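Protein chains in written order, with the numbering used here: chain L, 56 to 255; chain C, 563 to 733.
Hint data in this document are derived by calculation from the structure and do not stem from the laboratory. Take the hints with a grain of salt, since some may be wrong.
[Unchecked claim] Only some residues are given here: those of chain L computed to face chain C with a beta carbon under 10 Å:
{"id": "1", "residue": "Leu151"}
{"id": "2", "residue": "Asn154"}
{"id": "3", "residue": "Ile229"}
[To be verified] Far from chain C by the CB rule (all over 10 Å, computed), these chain L residues:
{"id": "4", "residue": "Arg96"}
{"id": "5", "residue": "Leu111"}
{"id": "6", "residue": "Arg112"}
{"id": "7", "residue": "Ala124"}
{"id": "8", "residue": "Gln125"}
{"id": "9", "residue": "Glu218"}
[Claimed, not checked] Taking CB as the label site, the calculated pair distances span:
{"id": "10", "chain 1": "L", "residue 1": "Arg242", "chain 2": "C", "residue 2": "Pro584", "range": "52 to 60 Å"}
{"id": "11", "chain 1": "L", "residue 1": "Pro206", "chain 2": "C", "residue 2": "Thr612", "range": "36 to 44 Å"}
{"id": "12", "chain 1": "C", "residue 1": "Met617", "chain 2": "L", "residue 2": "Ser241", "range": "51 to 59 Å"}
{"id": "13", "chain 1": "C", "residue 1": "Arg579", "chain 2": "L", "residue 2": "Ser241", "range": "21 to 29 Å"}
{"id": "14", "chain 1": "C", "residue 1": "Trp608", "chain 2": "L", "residue 2": "Arg242", "range": "38 to 46 Å"}
{"id": "15", "chain 1": "L", "residue 1": "Ser146", "chain 2": "C", "residue 2": "Trp608", "range": "34 to 42 Å"}
{"id": "16", "chain 1": "L", "residue 1": "Arg249", "chain 2": "C", "residue 2": "Val607", "range": "50 to 58 Å"}
{"id": "17", "chain 1": "L", "residue 1": "Pro233", "chain 2": "C", "residue 2": "Ala611", "range": "35 to 43 Å"}
Values in this document were obtained by computation on a predicted structure and should not be read as measured data. Think of the CB as a built atom: it goes at the ideal place given N, C-alpha and C, for glycine as much as any other residue.
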Amino acid sequence: MLWKTGKNPALSSVQTDGMVLSTNDRDVIEACQQGDAGAFRTLFETYKDRVYSIALRYSGNPAAAMDIAQDTFLKLLSRIGDYRAEASFDSWLYRLVVNSCIDDQRRGRRMAPFLDGLIDAVCAPAESVLHTLMRTETEQRIQDVVARLAPEHRIVIVLRYTEGLSYDEIASIIGCSPGTVASRLSRAHKILERRLSWCR
Amino acid sequence: MVPMNKWPQPELRHSLREVSAPPELWDRIQAHKTPPQPATNRLLVWAMATGVVLMAIGLSAIRRDNAAFPVFAGDRCQNPAQIRAWVRAKTGLDLPFRADSSQSNQLIAAQTIDGTRGVKIDYRAGNHDAVLLVSRADGSANSHSRFGPAFTLGSENPADLQLACKLCHLD
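Chain C on its own, in the form it takes in the complex (with noise of 0.2 Å):
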């Protein structure tokens, strides 16, 4: 017991009381009164809860299948072979980048575009970022093929194509 040594407490008992219910109350709960889910409908609802819960696990692990399939988490990488193998086992285009294009060019990343048919190469130019995307050989002036495989490459910056020919040449 707590000790309350100045307030009695059959005062506290007496002022707090119960009381009556007003009759109305009755009234008020049958006017907004809803009958209860019987326990059958309780049950289907479980049920049907439960085939979406199972139905959504799943289908989280079919999409974790799939996200499962490429090499490189995110679809990045940032080692120059493990690119190159990259970008050819997804578009097709095969790349030769130099095996120190990281360090010449610091080679950060790449991203397929448009599904499968380019890919967008990040890289350092100089004392920039700088975006190399390269598709296949359309005839078009930006066309390049210098060894065999034939591909336009594009640029913001035009001054940047000339650094990007160090991703996989030396001059």
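The following block holds chain L by itself, in its conformation from the complex (with noise of 0.2 Å):
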């Protein structure tokens, strides 16, 4: 058993709370790989907010993407043996949440709309509670509207417009090519248009 709580010389420079970890950092990964706990936690404390997000925006639902968050990062501590440093570890780890977001969705989940937002803006300060509330009320009708897209829709919009990534790379992330990628964009796009033309 490997799994350590002592401190890799490699990760001297590593700071759990700071992020300064870059992408595909092999030396992180690799001692992650050899199970060591300070780098898991900076694996961690860099792409909690990706992983977080993407499950938010695919589930519509802070207790499923909390749920979803959790999965994806036990499977990267079980997996993470299985990365080869040839492959980017960001496509890796978006495919674990791609699945994650998948398998959840198969379990059945029901996908509610939540209020976060709206509770934030009723307690905002006076002079801007209208704005903010019409502000939230159309930010949330579209994370509402996405939630409710096909899957194979929804995910190109979050990976596409949560992450920003190419056609390339999310052609790459969920196994299709990047015409099949444009196609469903483009698909999803006229939905969200049709559904939320009353908010323009």
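With the hints as a guide, bring both chains together as one complex.
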């Protein structure tokens, strides 16, 4: 058993709170593969927001997003040994998140729109309440409509607009051609346009 | 780029923007995590899995060798001469089937029964399928010794036994 709490010299300059890790930092990944707890924490701090955001935008539900993010990092922990350095770590991790999102949906979770933003708006200073409420309402509506897209449309929208990934990157993550990504995005845009026309 | 003329993409980007993960996410992961499998353990698992697969392949090859011994796949055959030779090889019983028995009584197939103690003959008796069981003579009323070797014959329908005679005899 190599799960350690000790310090790896390669990680001496890595701060778990400061997210100093650069993309595909091989030292950290290799240390994590060897069971270094500090390295795992570093990976978590580096990727937690991305993982959680994809999960939240896909599910439209903070509780579901927490479950998906937790599942993703537990998968990362158990499968990090399968990762090969020649591939992009980002893409590998994105695949884990996407699979966790799909798994969560298969488990039949009920997707409920969340009200956190609305509550925040109501608690805002009085002069900006109306403006904030309107903006929050629009955002809420968009998120709600995105969360109701078909899974194959939803995931390309989330990867495109939450993560800003290219068609090639999305294609690599979800295992299809860039042409298919373009086609799904186009279809998703049309659906969004139709369903969101009232708030334009 | 996929054009999206009527709905502004910046609005989508803003609404779907990245957010911060809740601080309790780390605690939840800590509560559920199990240590990763170290590389050495993984190698051991792979080595063991490879050994099991090789063993299975070896056993499968041995089984294939054994299964190839019977002359007739599935211990079944439809040629009277071949059946006779096969039954003799399998059970020591020499059943003198007529060469044309497959036409006259429509001999269908033979199967060993109870190991090598006897043989089950499937044939067509008149307008129905019948079964003749043959084993070594046991001195019972059904023992048959018309041509030297003694057999004990059995059938679900006694009338079929008369028809079964034609498998080996003209009259």
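Structure-based check of each hint:
no., hint, result
1, Leu151, "violated (13 Å)"
2, Asn154, "violated (17 Å)"
3, Ile229, "violated (16 Å)"
4, Arg96, "violated (8 Å)"
5, Leu111, "violated (6 Å)"
6, Arg112, "violated (5 Å)"
7, Ala124, "violated (6 Å)"
8, Gln125, "violated (5 Å)"
9, Glu218, "violated (7 Å)"
10, Arg242(L) with Pro584(C): 52 to 60 Å, "violated (33 Å)"
11, Pro206(L) with Thr612(C): 36 to 44 Å, "holds (37 Å)"
12, Met617(C) with Ser241(L): 51 to 59 Å, "holds (53 Å)"
13, Arg579(C) with Ser241(L): 21 to 29 Å, "holds (22 Å)"
14, Trp608(C) with Arg242(L): 38 to 46 Å, "holds (43 Å)"
15, Ser146(L) with Trp608(C): 34 to 42 Å, "violated (25 Å)"
16, Arg249(L) with Val607(C): 50 to 58 Å, "holds (52 Å)"
17, Pro233(L) with Ala611(C): 35 to 43 Å, "holds (37 Å)"
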